[in-house]
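*Asks:* Sequence:
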Amino acid sequence: MLVKMTLEEFGLVLGSDAPAPGGGSVAALSGALGAELVAMVCRLSIGKKDLEAFTDEIKSALPKADGLAAGLLRRVDLDTEAFNSVMAAFKLPKGTDDEKQKRAAAIQQGYKEAVQSPLSIARECITVLNLSQSLLGKTNPNALSDLGVAAQQAYAGLEGAIMNVKINLPSIKDEQFKTAITGELAQLLSDGREAKEHVYDYVCGKL
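The numbers in the working numbering rise by one with no breaks, and the one at position 40 of the sequence shown is 63.
There may be inaccurate statements among the hints.
[Stated by the list, open to error] Straight-line Cα separation of at most 30 Å, BS3-like style, residue types lysine-lysine; simulated pairs:
(1) 229 to 87
(2) 189 to 161
(3) 135 to 201
(4) 72 to 161
(5) 27 to 82
(6) 135 to 161
(7) 161 to 82
(8) 196 to 117
(9) 196 to 114
(10) 189 to 117
(11) 87 to 27
(12) 189 to 87
(13) 71 to 82
(14) 114 to 229
(15) 201 to 123
(16) 72 to 135
(17) 201 to 117
(18) 189 to 114
(19) 189 to 125
(20) 135 to 125
(21) 117 to 161
(22) 229 to 71
(23) 189 to 201
(24) 196 to 135
(25) 125 to 196
(26) 72 to 87
Derived by calculation from the structure, the hints in this document are not laboratory data.
Please put together the full structure from these sequences, using the hints given.
*Replies:* Right, dumping it as structure tokens:
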């Protein structure tokens, strides 16, 4: 499992000529790091007297951040498996017309499944971004830059995941499916950019 590797080991396999892990796994890791930073900021804020008014909100955010971190970390490995269904479909027999039709249908289904992993990463990264934004002005000021970095990491994960969705969309022939996915990606990117810039502007304004 990738997540059981040391940072050095992960970096070596990432930089090798192996096709996986790749950008999708890195996007998931980036989002996970952002979520972990949010969790850290929450833990550094709970119990502070001057933040008592926000204690309930911070305590509510903490398990959400922990859950997002765990989920995105799992996706570091899951994303390497996302393209397996496509590869398996390409290996199906194509000797007869019936086999060709079944193979083509399996390939199309495989590509649809392949976009689901990075799409899920993107959705979870936007949730990390929104969580970061919701905590502005409510957490330990000494960890304000950490909250800013959390948003930057989550946004990098969001953009990376979106690129990994987009690279597979041209291979899908279902135009209705492609239109729906493209529309969601545009909204995720717009919302994510707005949240990231809001956090960045707030943090830099306070530093």
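*Asks:* Next step is simple, just say for each hint if it's right about the structure.
*Replies:* Verification of the supplied hints:
1. 229 to 87: holds (26 Å)
2. 189 to 161: Violated - the C-alpha atoms of residue 161 and residue 189 are around 36 Å apart, more than 30 Å.
3. 135 to 201: holds (9 Å)
4. 72 to 161: The hint holds at about 12 Å.
5. 27 to 82: holds (29 Å)
6. 135 to 161: violated (41 Å)
7. 161 to 82: holds (11 Å)
8. 196 to 117: This hinted pair holds, its Cα atoms lying about 19 Å apart.
9. 196 to 114: holds (20 Å)
10. 189 to 117: Cα-Cα ~28 Å, so holds.
11. 87 to 27: The hint holds at about 23 Å.
12. 189 to 87: holds (28 Å)
13. 71 to 82: holds (12 Å)
14. 114 to 229: violated (57 Å)
15. 201 to 123: Between residue 201 and residue 123 the Cα gap is close to 23 Å, so the pair holds against 30 Å.
16. 72 to 135: Status violated; Cα separation ~50 Å.
17. 201 to 117: holds (26 Å)
18. 189 to 114: With Cα atoms ~24 Å apart, residue 189 and residue 114 stay inside 30 Å; holds.
19. 189 to 125: Holds, at about 25 Å.
20. 135 to 125: holds (15 Å)
21. 117 to 161: Given that 30 Å is the threshold and the Cα spacing comes to 61 Å, the pair is violated.
22. 229 to 71: Holds. Residue 229 to residue 71 sits at ~19 Å (cutoff 30 Å).
23. 189 to 201: Distance ~10 Å between residue 189 and residue 201 Cα, so the pair holds.
24. 196 to 135: holds (10 Å)
25. 125 to 196: holds (15 Å)
26. 72 to 87: holds (23 Å)
The structure shown violates the earlier hints numbered 2, 6, 14, 16, 21.
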